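Student: These are the residues of each chain, in order.
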Amino acid sequence: MPSGARSKTWRARVAALPALAPTLTVALTLAGLLVAVETPSAHHPIPAKFDDTQPVTLTGVVTLVDWRNPHVHVFVNVRGGGNGGNGGNAGNVGNVVNWAVELESPIELRRHGWAHDDVQPGDEVSVQGIAARDGSRQVWARSMVLSGTGRAVFHIVPEAPRAPLASRPTPRWPDGQPRLGPLPGGVQGYWADPSSTVLAQQGIDVQMDRWGLLGNIADASRVAPLQPWARALYEVRQRRFLQDDPTYLNCKPEGGPRKFQSPYGVQFVEDRERQRIFVLIGGSNSNFQIIYLDGRSQVGQVGGDDDNPLYFGRSVAQWEGDTLVVDTRGFNEDFWFTNGGLPHTNQLHLIERFTRSNFDTLRYDVTIDDPGAYTRSWSSGWNLRWIAGEDLPRHLCQDNRP
Amino acid sequence: MRALTVFVALCVAGLAAVAPVLGQEGHPLKGSWIGTWESNATHGADVLVVLDWDGRNITGTINPGTDNIAIRNATLNPDGWRVHLEADAKDRAGADLTYVIDGTIENISFHNRSVVGTWKSQRGSGRFEISRQ
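Read top to bottom, the protein sequences are chains V and W.
Last residue of the first sequence: number 401 in numbering that gives the first Met the number 0, and the count goes up by one each step with no gaps.
Last residue of the second sequence: number 132 in numbering that gives the first Met the number 0, and the count goes up by one each step with no gaps.
Simulated from the structure, these hints should not be mistaken for laboratory data.
Keep in mind it's a predicted model, so treat the numbers as computed, not measured.
Backbone N, C-alpha and C define an ideal beta-carbon position, used for all residues, glycine too.
Watch out, some of these pointers could steer you wrong.
[Unchecked claim] To give an idea of the interface, some chain V residues facing chain W are shown, with a C-beta separation under 8 Å as derived from the structure:
1. P227
2. A231
3. E332
4. P342
5. G371
[Stated by the list, open to error] Sample of chain W residues lacking proximity to chain V, with all beta carbon distances greater than 12 Å (derived):
6. N39
7. P63
8. L75
9. R126
[Claimed, not checked] DEER-style ranges, computed between Cβ atoms:
10. V/S195 - W/R126: 42 to 50 Å
11. W/T58 - V/G134: 53 to 61 Å
12. W/S124 - V/N94: 58 to 66 Å
13. V/I216 - W/N56: 22 to 30 Å
14. V/G202 - W/N56: 46 to 54 Å
15. W/V99 - V/I216: 43 to 51 Å
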């Protein structure tokens, strides 16, 4: 593995390679790209594809920066192959091996101050990360450092919990009703930073990572009052590290409470004239839900159909004081309604309560009633934070792209 | 009768082939299943099973619309994903016939998972395998 700390130009490096180096580099990168794109896990929760108990360290020359959703990839030529991964023969020409280094989404990287051209082909980088579970030459990067300058690039520092804001009053419509969406005058904003990204019944302390992966599989029965089949299926999904999640495999919408636990947030657009609220969703496939406040009943074919697949069910709502109470039925079974893969059936019935307790805080409470999968109804809740002055990010899920 | 069963099975398979690929993430047995019960001289080797889950019971039909055999008892044991089906039918002479099917769900995480096991009745027994459409 090369470990040179001296920065070189791309031309100098190419000149140092054999005559066929440019061709080989292109071939290696394409081979690496194929390995990355053809991975069966496609877009994925990180634990589904990478094993955090298998550290990898690489040093090599960047051949391509693929700055696209859902995850940025940097392809790196490594002499000697690098440690970790069995990779077969793909991407291995001579003793130079092309690795696919995977990073967070462009949205997350931009939030932390990075631009697509902060790393360029020809740069030498050192990468520390974790290995792909399937042994292929792919790394989830925890750090990437430019060898020449020592500058950490494409690096995300976990954010400490934000300090509480000075309390500002809840913005209201002229009739006194709380506003859930952007303010008049084009001042943008949306709701994100959920205080919890996992769904478990209220009052239960269960260790899970941000993807909903349990720290101890024996805690499965504590997460929710699961029927036996649902608990067994939940455990299967957990043991497979959530790699079957339709939101990642096929960009299925994040129906139910899951969209309110997305790092990309939601935005409410209140159409008061037509008595409906659009919930624009920043994650998964950038979809939207409609909540009707015009007194209509929850009509429709509960089982769903191709024209209206009911990933978000049918939602009707009313205001109870300062709280919007949303009643939703008619979900299909084609998605996971929580991070972590708690099962549901088409009997799922949600009562969701939205309370903007001050300018910057939206309290979300949900009661889950699904006699097809649970032994009783159960509840959970968390807070979302107002992200002022920004529009909803566009995180585009893409089928078959990791 | 067998030709009709095959025809219905082919129609369902054809519809499944042209339909968009949609998952079904609810109860593992819910859905339409197509496969074979080998050596079944009474009802033919091809079989279509439609199963549903109401939150308490698994209900369903074998060969709906042709032989139309109602499933009398169906259970799923999540410990090993063991499936047990019992269904009352009649043979060609009109005599009562009871089918007992025991199997396990394979590839539980996949949309096209399978139930693999055995069938038996008063007229015989054999291998049973169906895959979810």
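Student: Measuring from the C-beta of V/P342 to each C-beta in chain W, is the shortest one below 8 Å?
Tutor: At 7 Å from the nearest chain W Cβ, V/P342 passes the 8 Å test, so the hint holds.
Student: Run the C-beta distances from W/L75 to all of chain V and say if the shortest one exceeds 12 Å.
Tutor: violated, 6 Å
Student: Against the range 53 to 61 Å, how does the distance between the Cβ atoms of W/T58 and V/G134 compare: consistent or not?
Tutor: violated, 44 Å
Student: Beyond 12 Å from every chain V Cβ: check whether that's true for W/R126.
Tutor: Since the minimum Cβ distance to chain V is about 25 Å, W/R126 lies beyond 12 Å and the statement holds.
Student: Regarding W/V99 and V/I216, is the given constraint of 43 to 51 Å on their beta-carbon distance met?
Tutor: violated, 34 Å
Student: For the range 58 to 66 Å, tell me whether the beta carbons of W/S124 and V/N94 fit it or not.
Tutor: holds, 60 Å
Student: For the hint 42 to 50 Å, verify it against the beta carbon of V/S195 and that of W/R126.
Tutor: holds, 48 Å
Student: Just tell me: holds or violated, for the beta carbon distance of V/I216 and W/N56 against 22 to 30 Å?
Tutor: holds, 29 Å
Student: Can we keep the V/A231 interface hint, with Cβ of chain W closer than 8 Å?
Tutor: holds, 3 Å
Student: Given V/E332 as an interface hint, is its Cβ closer than 8 Å to any Cβ of chain W?
Tutor: holds, 4 Å
Student: Holds or violated: is the Cβ of V/P227 closer than 8 Å to a Cβ in chain W?
Tutor: holds, 5 Å
Student: Just want to verify: W/P63 was marked as not at the interface with chain V; is every Cβ pair farther apart than 12 Å?
Tutor: holds, 17 Å
The structure is inconsistent with the numbered hints 8, 11, 14 and 15, although it conforms to all the rest.
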